[in-house]
Each structure stands twice: as structure tokens, then as C-alpha cells.
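Residue numbers (the numbering used here), protein chains in the order written: chain A, 1 to 121; chain B, 1 to 347.
Hints in this document: simulated from the structure, not taken from any laboratory.
Incorrect hints may have been included.
When the alpha-carbon atoms are kept at most 30 Å apart in a straight line, the in silico DSSO-like pairs for lysine-lysine are as follows [stated by the list, open to error]:
#1 B/K125 <-> A/K108
#2 A/K109 <-> B/K124
#3 B/K124 <-> A/K51
#4 A/K104 <-> B/K214
#5 A/K109 <-> B/K146
#6 A/K99 <-> B/K211
#7 A/K51 <-> A/K14
#8 A/K32 <-> A/K47
#9 A/K31 <-> B/K162
#10 A/K51 <-> B/K316
#11 A/K23 <-> B/K127
#12 A/K28 <-> B/K316
#13 A/K19 <-> B/K214
#14 B/K162 <-> A/K99
#15 A/K32 <-> B/K146
#16 B/K127 <-> A/K80
#17 B/K305 <-> A/K51
#18 A/K14 <-> B/K211
#19 A/K99 <-> B/K332
#20 B/K316 <-> A/K14
#21 A/K80 <-> A/K31
#22 A/K104 <-> A/K32
#23 B/K127 <-> A/K108
#24 A/K47 <-> B/K316
#25 B/K125 <-> A/K51
#26 B/K316 <-> A/K19
#27 A/K81 <-> B/K211
#28 B/K125 <-> A/K104
#29 B/K146 <-> B/K127
#30 B/K162 <-> A/K80
#31 B/K305 <-> A/K81
#32 A/K14 <-> A/K32
#33 B/K146 <-> A/K80
#34 B/K125 <-> A/K19
#35 B/K127 <-> A/K31
#36 B/K127 <-> A/K47
#37 A/K47 <-> A/K28
#38 B/K282 <-> A/K19
All figures in this text were calculated on a predicted structure; none of them were measured in a lab.
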Amino acid sequence: MRLIVHNMLTCNVKGVVNKFPLKIVAEKVVKKEVDFNLDFLWHMLAKIEWKALVDGARSLGYSELPDHAEALESNESFLKKFHHALLELHLEEGSLVCKETGRKFPVKKGVPNMLLHEDEV
Amino acid sequence: MKATLAPSSLISLPRQKASSLRSPSLLINSQRPSSALMTTKTASRGSVAVTAAATSSVEALREGIAEFYNETSGLWEEIWGDHMHHGFYDPDSSVQLSDSGHREAQIRMIEESLRFAGVTEEEKKIKRVVDVGCGIGGSSRYIASKFGAECIGITLSPVQAKRANDLAAAQSLSQKVSFQVADALEQPFEDGTFDLVWSMESGEHMPDKAKFVKELVRVAAPGGRIIIVTWCHRNLSQGEESLQPWEQNLLDRICKTFYLPAWCSTSDYVDLLQSLSLQDIKCADWSENVAPFWPAVIRTALTWKGLVSLLRSGMKSIKGALTMPLMIEGYKKGVIKFGIITCQKPL
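Hey, can you work out the whole structure from these sequences and the hints?
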């Protein structure tokens, strides 16, 4: 699971208010290179929840992102870090944790499992 | 009303009596020996009898579906490739197609669906797509490539999700597409996330059609399009409360091996969308356009390669293969319909 996906996932347990973002507990993180695509990055910059990305990256062992992204769209060094954090860090094994309930959603072989149990629906 | 054969035609359905929003009664015939539940209420119009016992049979269904696809996806991919849906053919085409002809038909199914929904003219607006019941990601990868959009796929099967991710990586699409294990009835996304909500032959697995449609609508962005392509039973006539017993019996036998809950009709979907105030609702009966598909699947199963792979794959695959003639019978007798229903969420 890459952070671009983590930035969209919510806790879907019934009644939960603070459902985004999910906290990441990382057990195995892998880096995989991806081609740099400026248009795609600019497009994503507009959509991404920045704090969730920064915190998520830290949980995956990457602390280079600045706390704020304003006015940095043309900064090459910033864009490379953004690219790396968003697309190249993979959580292979670990879990995503709901901040309100502590409910853990496992991530196995890079695939998050967001299925709920009967009593959570 | 007679169905016209042109794929983009709009069929106006006989207006059904307005009924309270229904959750079709669960008809779950689970293969699992541990499930004590055989809740067998016939799906009938207007009944909302979801029993207390039904909740845990929903979990059993979900597990059954996951296991079915964990077991059979590899086999399907080996023989048919990465699209786990019907091909779209010109009606009455008597030419027997080659394998690649059928694969092209599967691609055409995606294209015809997009065109029917009016998406093709609005390509540039499609930035984020969700593929509900994504299989091994064929549609997701195709649509992501076509529109340059970001596509998230969800499936109940961990095996499928992993395979889908691996295929995306192999096709250098990892940036654009990713796959998760999640429930279509409880999607882990905020409201209004997706410009296109895509459900290609997954609706038939949903035990609660009303909830399924509500979730599709919830995650669609204002102005976004929803495309549902699914197996349905025929529309009921005015005054008809349910299918004939022989028709229900046929469907029951199919449900068992394919892990399907109760079927509904295309007009049931239309009613649900209307009740949720969607606009530009369109539907069509594409049964004539998919007729060559099951005979072709059976032919591939009967090849040497097919038979060997089936035997290796396991009982679920074998039972699935033995059920395929029932699909043909269902289509021929007009019980089973291949339907497309599309709409747009208001701004």
C-alpha cells in the first residue's frame, strides 16, 4: 500500500466520527522506484491531505517532507520528495489503525484489508 | 416491451408500482458445511424480510465469495486473461470467434459501457475511479490507461487484490491503480470521492441491493457517473409478485455454485436509483449481445488445457464449470438478463 492510497482510506466502522486519517503501524516497508510524472504530481498536490501524508511518511520511516506544501509547486527538490513519499514507499506488512476506536485493519503482502466484522456495521 | 438490439438504445421499462425501498430477502445457499444457515425465502416484490439469522449468513456469503475467487481466479486468468466479465458481441453473429476475438469482445464490453453511460464525451473530467468488485483489475487498468485517471479497485478476495497489484506493477501502472480488500457494502472512502463509479458484473454478489446502490451513490462525486453492469432476472410483469417456481429453481441452482444471493431485475435497480434522486438514469438489456459468451467459456473448459486446469484448481471451479450450462439455459429461456444501468449524481 502506498501513501497515495492511504490518503483516501477511511475507517468505515459504524458511528465513527474521526475516521480519517488512519494511523500507520509499519512492520515491513519496501521502496520501489516509480517514474516521475510532473503533471500527475501537480494534480495530486491539489487533492492530497497534506498532514496525513507527512504523518504517514514518518510512520514509514521518511521524515523529509515539509509540514506545509504551499508555494512549493515549482521547487524541484520538494517535488522529488513528494514523489518519493507518495508513490515509492510501500507498506508491505503492518496495519492501519482507527484513531477513534483503535480498530486495526491489517495490511498483508501490500494489500489493506478493510473488511468489517458483523458488529461494526 | 421488445428489447432493441442496438447497445446504446434506451429501453423504457413498464412502470412498476411504487413500493417501499426494499432489501430483497436473502436467499443464501452456502456451500460451507460449517454454516448451519439455509435461509430460503424466495425473493418477492415488496418483501423486506431480512431475518436476524441472515446477518451471519451475510458473513458466510462474503467468505464464500472470497474463497470462490481465491480458488478460481488463477484458472480464469490462465484461460481467459485478466477480464472477468462477458464479452460484447454483435447480435446474431454466427461466426465462431477465436480466443483473441473473445478477448476483444471483453474490451468492447468496457467501451460500450462507457459509451452508453455518456462517459466517453466527458473523458477529461474523469480523474478518480472506483472499481467495485474489481476482480484481478482488468477494468481498472484499462480505464486508468484510457483516461489517465487514478483507479482504486476493491474485492473480497485477497488473492485477487494481490494479483491485481502485481499486474499493475508489471504494466507500469502502479502509480495510477491500486487494489484493496474491502466490502462493496461498506466502502472505506469518504463521500463524493469518485468521478466514475464502476461495477462490472459484481452486483449479482451483493446480498442487499439497496445498500449496494446507496454505497455506489455515496462515494460518487457530484456530477459523477455510476455504471452498473450486472446479471439480473427478467423484469416482473404488472401484477406479478415473483418469478415462476421453475425460474426461481433455475436461479437457485446457479446461486449455489457462484455464491450469489437473491437476484433482482434491471427495473429494481432503476427504481432504487430513482428513489435516490439520481439523474439521467438509463438502462438496457444486452442479453442478445452476450449470447456467445457462455458457450465460448464452456468450449475453453472442454479443451485439454481447460480440463487439466479445472482438475488442478479444485471443487469450486469444477462445480462452477458444471453450472455454466444453466447460465445458457437461463438466458435462452428469458429468465436471466444481462443488464446495464447508468446514471449521474446531481451536482
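The hints, checked one at a time:
1. Proximity of B/K125 to A/K108 is assessed by CA-CA distance (about 33 Å); at most 30 Å being required, the pair is judged violated.
2. Under the criterion of a C-alpha separation no larger than 30 Å, the hint pairing A/K109 with B/K124 is inconsistent with the structure, at around 34 Å.
3. Distance check on the hinted pair: B/K124 and A/K51 sit about 28 Å apart at the alpha-carbon level, within 30 Å; holds.
4. With a C-alpha separation of about 26 Å, the suggested pairing of A/K104 with B/K214 holds against the 30 Å cut-off.
5. Note on A/K109 and B/K146: the hinted pairing holds, with a Cα-Cα distance of about 28 Å set against a maximum of 30 Å.
6. For the hint pairing A/K99 with B/K211, the CA-to-CA distance comes to about 26 Å; that is within 30 Å, so the pair holds.
7. Annotation: proposed proximity of A/K51 to A/K14 holds, straight-line Cα distance about 25 Å (limit 30 Å).
8. Proposed proximity of A/K32 and A/K47 is supported: the alpha carbons are some 23 Å apart, at most 30 Å.
9. Of the pairs offered as hints, the one joining A/K31 and B/K162 holds, with about 17 Å between alpha carbons and a cut-off of 30 Å not exceeded.
10. Under the criterion of a C-alpha separation no larger than 30 Å, the hint pairing A/K51 with B/K316 is inconsistent with the structure, at around 46 Å.
11. Distance restraint check for A/K23 and B/K127: the Cα-Cα separation of roughly 26 Å lies within the 30 Å cut-off, and the hinted pair is therefore satisfied.
12. A distance of roughly 34 Å separates the Cα atoms of A/K28 and B/K316; the hinted pair therefore is violated under the 30 Å criterion.
13. A hinted pair counts as satisfied when its Cα atoms are at most 30 Å apart, and A/K19 with B/K214 qualifies at roughly 19 Å.
14. A C-alpha spacing of about 26 Å is found between B/K162 and A/K99, which places the hinted pair at or below 30 Å, so the restraint holds.
15. Restraint check for A/K32 and B/K146: satisfied, since their Cα atoms lie roughly 24 Å apart, inside the 30 Å limit.
16. The hinted pair formed by B/K127 and A/K80 meets the criterion: a straight-line CA distance of about 22 Å does not exceed 30 Å.
17. Simply put, B/K305 and A/K51 have alpha-carbon atoms about 52 Å apart, too far for the 30 Å limit, and the pair is violated.
18. Taken as a hint, the A/K14 and B/K211 pair is honoured in the structure, with Cα atoms around 14 Å apart against an allowance of 30 Å.
19. Of the supplied pair hints, the one linking A/K99 and B/K332 is violated, its CA atoms being roughly 53 Å apart against a limit of 30 Å.
20. Proximity of B/K316 to A/K14 is assessed by CA-CA distance (about 34 Å); at most 30 Å being required, the pair is judged violated.
21. Restraint check for A/K80 and A/K31: the C-alpha separation of about 14 Å stays at or below 30 Å, so the hint holds.
22. Distance check on the hinted pair: A/K104 and A/K32 sit about 25 Å apart at the alpha-carbon level, within 30 Å; holds.
23. Taken as a hint, the B/K127 and A/K108 pair is honoured in the structure, with Cα atoms around 28 Å apart against an allowance of 30 Å.
24. For the given pair, A/K47 sits about 43 Å from B/K316 by alpha-carbon distance, which is inconsistent with the 30 Å threshold.
25. With a C-alpha separation of about 27 Å, the suggested pairing of B/K125 with A/K51 holds against the 30 Å cut-off.
26. Proximity of B/K316 to A/K19 is assessed by CA-CA distance (about 37 Å); at most 30 Å being required, the pair is judged violated.
27. A distance of roughly 41 Å separates the Cα atoms of A/K81 and B/K211; the hinted pair therefore is violated under the 30 Å criterion.
28. For the suggested pair B/K125 and A/K104, the alpha carbons sit about 35 Å apart, so the restraint of at most 30 Å is broken.
29. As the CA atoms of B/K146 and B/K127 are separated by approximately 11 Å, the hinted pair is consistent with the 30 Å bound.
30. A distance of roughly 28 Å separates the Cα atoms of B/K162 and A/K80; the hinted pair therefore holds under the 30 Å criterion.
31. Simply put, B/K305 and A/K81 have alpha-carbon atoms about 49 Å apart, too far for the 30 Å limit, and the pair is violated.
32. Between A/K14 and A/K32 the CA atoms are separated by roughly 35 Å; this puts the pair beyond 30 Å, and the hint is violated.
33. Note on B/K146 and A/K80: the hinted pairing holds, with a Cα-Cα distance of about 26 Å set against a maximum of 30 Å.
34. Under the criterion of a C-alpha separation no larger than 30 Å, the hint pairing B/K125 with A/K19 is consistent with the structure, at around 28 Å.
35. A threshold of 30 Å between alpha carbons decides the hint, and for B/K127 with A/K31 the separation of about 26 Å falls inside it, so the pair holds.
36. Note on B/K127 and A/K47: the hinted pairing holds, with a Cα-Cα distance of about 11 Å set against a maximum of 30 Å.
37. Our distance criterion of 30 Å between C-alpha atoms is met by A/K47 and A/K28, whose separation comes to about 27 Å.
38. Taking the CA atoms of B/K282 and A/K19, the gap is near 34 Å; set against the 30 Å cutoff, the hint is violated.
When the structure is compared with the earlier hints, violations turn up for hints 1, 2, 10, 12, 17, 19, 20, 24, 26, 27, 28, 31, 32, 38 and for no others.
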